[in-house]
Every structure is written in structure tokens, then in C-alpha cells.
Amino acid sequence: MEAGRRSVSGWTVANVVVVLYAMVPVLWIASLSFKDPSTFTDGSFVPRKWTLGNYAGIFTNADFVRGLVNSIGIGLISTFVAIVFGTMAAYAVARLSFPGKRLLIGVSLLIAMFPQISLVSPLFQIERALGLFNTWAGLILPYITFALPLTIYTLSAFFREIPWELEKAAKMDGATPFQAFWQVIVPLAAPGMVTTAILAFIFCWNDFLFAISLTSSDAARTAPATISFFTGSTQFEDPTGSISAAAVVITIPIVIFVLFFQRRIVAGLTSGAVKG
Amino acid sequence: MNGGKGRALTEGQRAERRLGLWLCAPAALIMVVVTGWPIVYSVLLSLQRYDLRFPEDKAWIGLSNYATVLTSEVWWNAFWVTLLITVVSVAIELVLGMLLAFAMYRAIVGRGLIRTVVLIPYGIVTVAAAYGWKYAWTPGTGWLAGLLPEGSAPLTERGPAIAIIILAEVWKTTPFMALLLMAGLAVVPEELLRAASVDGATLWQRFTRVTLPLMKPAILVALLFRTLDAFRIFDNVYVLTNGSQGTGSVSISAYHNLIGGLNLGIGSTMSVLILVTVAIIAVVFIIGFGTAAPGSER
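Residue numbers (our numbering), protein chains in the order written: chain A, 903 to 1178; chain B, -12 to 285.
In short, the hints are calculated from the structure, not lab data. Take the hints with a grain of salt, since some may be wrong.
Here are the in silico distance ranges between beta carbons for each label pair [claimed, not checked]: (1) B/G133 / A/R1165: 37 to 43 Å; (2) A/D944 / B/D186: 56 to 62 Å; (3) A/V967 / B/L31: 38 to 44 Å; (4) A/Q1085 / B/W67: 52 to 58 Å; (5) A/T914 / B/L201: 26 to 32 Å; (6) B/V270 / A/D938: 50 to 56 Å; (7) A/E1063 / B/L31: 43 to 49 Å.
Residues from chain A shown here face chain B by an in silico Cβ test under 10 Å; the list is partial [said to hold, decoys possible]: (8) L1050; (9) A1125; (10) A1148.
Using N, Cα and C, we set each Cβ at its ideal position, and we do this for glycine too.
When you get a sec, could you build the whole thing from the sequences and use the hints?
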């Protein structure tokens, strides 16, 4: 009884430490975003003078709003394509035997570990030659490419958990392999696909290197890149408030995903990466 | 009858092979087109003098870009800084990640809570978090800078700036490491730990003699992923120092040459060298994996 109570309080302390670890840096940037510009330099963790002015500022900033639209559009399209193609490939990897399977797994693994910077110079040149530079497609292509290994790994791990017999039963009832896939496996795999889609979207949403290298204007520049170009010329001299408010805004979708899909994200990250 | 059945089977196998290839084709095509040709092109660019500001000077110059980069102090400085950041942050992450993995796996209260909050550093946009760290350490503005002696500006001094880059990197990626390690903890059979405990093994002995050896594959995978990821560090350095005071990583150097300097030849050379380094690190790890390499059939 005594030992039990001690370990409960021990875990409570551990929980508090973990929560502080994860939340303090996030709360700090949130606090900064609510500070009145005259109090930026007070060094206080909690705002002494609250304002919503920083948020009003960024949402009247056409570049930032456009950046958000670009981020959402590019992220959703890339995620959708990566999920469709990734599902097909992951199903094949998990269920079918065909030549070149190990090659596909190997190539995906290589791409997952690939240093993105090594693609920046050739893509910069190739995209300028093809007219893809500074367009949505110019970012969507590399995003799909880097999201695919993640999708294939995570989904094939999920697919392996689905009982084979169901598919066999469907085939015995006269379904073609494609019908067995589409009508039996896909509904069972839907939770895994949602998880994978979230992970892929987080990847696209997070990217910065391609976003600043393969764009030159707000035609395709995504929000993280837009933020790094805030100079503050529009709002006093100091971009601190706008940058903080914008940082909070682009963190909100992540917080929503985490709150609603915590279990699935954990399952996705742990199954895909280790079982490979 | 018998022969017909055998034929049907091979027919089925052939259909399965065909389906497998068709299902993989779009994914494989995109991955190969977007990375394959650019890699070749990048090697070709690295063999040329090609500065977009002086396009008429373009010429094939063999390996002399490599000679330029490999004798440049800036490159080697960036290389060692990147290696330092990689080794130190991955080492810290391994220890912290292991503690965090234990907390997430074993906690008897609030397990859902901590599993939820650790996903926030994992998911947050690196650039957003990096600005948080930057302002936290900016004299006058930051709550952390206020804890330092008067007049210190850590982000403008090399040592402290690298330490802050490592801090930002560790904060953001420890949860990912912890999640991978937690998956490894899950493969350790509970009975084995209980048996060891009955035999009088202490907590530490159970960890080093039972848990660690069984977790080795998970640890190696986590280390491989994080090492290669840390080596390409870009966002945190870009926001925190943008490479000033000799704090640039190799990715930052290559970026500055490519996009800032528009020097495609030198930038591509650096890109190729980074790729080669990453490949060497991966090979070393995979030799360490032995049979536990990801992608090998279980």
C-alpha cells in the first residue's frame, strides 16, 4: 500500500517533468505572441500586457495568408497522392509475392534517409527548366517522394496485422484480387490509412528547406518559409510579435491532430519504424 | 485434373506478380524520377564550373570543385560542427529518449497524458519551435537569456550558439527517439523480467542484462534514423544563427552556395559530399545491424 502510493507520486512527478519539458517552449512562443509590442523586451515568461494585435497583424498580411493557403493546399494534395500510391505499394509489399519487392523496400529506405539538401541544387535547375519552379507542383513532387517511404512502411506494417483469411474468403467467394483489396482490405485498413495520412501531412506541413529553395514568391511559398521572410517592415521594426503569432498559428493543426489522434499517431510511428 | 490445377496455380501466381508490379509502379516511378535523375544531374553539376551569376564561364572542370571544397576551411568547419551536433544530440536523445520511453510504457498514472504531450515537440513545425528558442535566448526578450549573466548574448558566440542548436534539436526529436524505443520495450517479455526479478536481479541489472540486449534492434534502428536525420540538420541552424560565427552545418553551407551564392558547381559538390557521408554512416550502421537490418524479411 505504502509502496503503491510512493510509486503513484513518483509517476506523478515524472508526468509533471514530461509535461513541462514538452509544453514550456510552446507556451513561451504563445506568450510572446500575446505580448504587447512595448513589452517584448521585458523578458517575462507571462505577458504583462496582453494583446491580440499580433494575430490581427498576420491575418491582414497577405503574404502570410497566402502562405497558409499554399501550405494547406500543397500539404493536402501531397498527402492524398502519397496515400493513394503508398497504399497500393504497401498492399503489394505486405501481401503479394512479386519480383523487385526487396528493391522497392530498399529504395524507399534509401529515400527515407536521403539528405534533402542533395536534391535542392538539381531540383532547382530542373524545375526552372520545366517551369515547375515556384509552383505548387514543384513542391508537391518532392513532398510526395519523401512522404512515400513513410507511407509504404507504416501502411505495410498495418496491412500485415489484417487477417489473411478474410481476403482468402473473399477470393473464394469469387472476388478478383482487386475486389478483395478494395472491398475487404481497404475498409479494414482505413484506421491505418488515417494515421499514415496524418504523419505524411505533418511531414509536408513541417518542410522548410524545399519551401525556401524551390520558391521565389508567395505563389507557392508555404507558411514556414513565409515566416522566415517576415522582416517587420509592415509592423513597427520588430517582427517578434508577427513571427510568434504565425508560429502559434501553424502549430494549431499539429495540436489538434495530437489531441484527437494520439493513440493512432503513436501506433503509426512505433509500428512502421521498427517492423519495417 | 491434376495438371489443370497446377496450371491454375501458376496462372494465379503470374496474376499476383503482375498485380504486385502494377501496384508498386506509381510509387516507384515517382520516387525514382524525383530522386534518380536529380542525383545523376547533381554529380554532373559538381564536375562543372557553373555560377549562375557568370553563366558564360560555364565549363567542365573535372574534379577541381572537389579539390576546392575539400581544401576549404569553411567546409571542414561545417563538417566538424555538423558531426559534433549529430553525435552530441543523438547521444543525449538516446539517454533522454530511453527515460521517456520507460515513462510512456510503464507509467501507472497519466500514461495517455504524457503520450499526448510528447507528440507536440515531435509534430511542431521545426521553424516555429526554432523561433521560440531564438527569442528565449535573445538578450532582453528571452526568459532564458534573463537567467544568464548581464551582457551575454549566447547566440552570437560560437560555443553557446552550438549548444543552443543542440538543445533545440534534442527537444524536438527526443520524443521520436522515445517512441521508437518504446516499440522496442514492447518486445521484452514481461515473464522474463519477472523471472529475473525473482532471481534477485536489481532494476539496473534487469535493464542492462535483459531489456537492453532484447532491445538492440530497436535501438540500432532509432540511432540510424536519428543520426542520419541529425546529420542533415538545417531548419534549426537556419533560424537560430544562419551559420554565423562558424556554426553552420553542411546543409547550411550547401544552401548558401546554391541559393545565396547561385554557385551550382560548388553547391552541388557539397551536396554530393553530404550524400556520400550519409551513405557511409548508413553502411556502418547496417554492418552493425547484422541480420536485424530494416527491410530484411523477418
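Going down the list of hints, with the structure as the test:
For the hinted restraint 37 to 43 Å between B/G133 and A/R1165, the CB-CB distance of approximately 39 Å keeps it satisfied. A beta carbon spacing of about 59 Å between A/D944 and B/D186 agrees with the range 56 to 62 Å that was offered as a hint. Judged by the Cβ atoms, the range 38 to 44 Å given for A/V967 and B/L31 holds: they are separated by roughly 40 Å. Our hint of 52 to 58 Å for A/Q1085 and B/W67 holds, since their Cβ atoms are close to 57 Å apart.
With their beta carbons about 29 Å apart, A/T914 and B/L201 fall inside the hinted range of 26 to 32 Å. For the pair B/V270 and A/D938, the beta carbons lie near 55 Å from each other, so the given range of 50 to 56 Å is met. For the hinted restraint 43 to 49 Å between A/E1063 and B/L31, the CB-CB distance of approximately 45 Å keeps it satisfied. With 10 Å as the threshold, the beta carbon of A/L1050 comes within range of chain B, its nearest partner Cβ sitting at about 5 Å, so the hint holds.
At about 8 Å, the closest approach between the beta carbon of A/A1125 and any beta carbon in chain B falls short of 10 Å, and the interface hint on this residue holds. Hint on A/A1148 holds. Least Cβ distance to chain B is approximately 8 Å, under the 10 Å limit.
Going down the numbered hints, you'll see the structure goes against none, and every one checks out.
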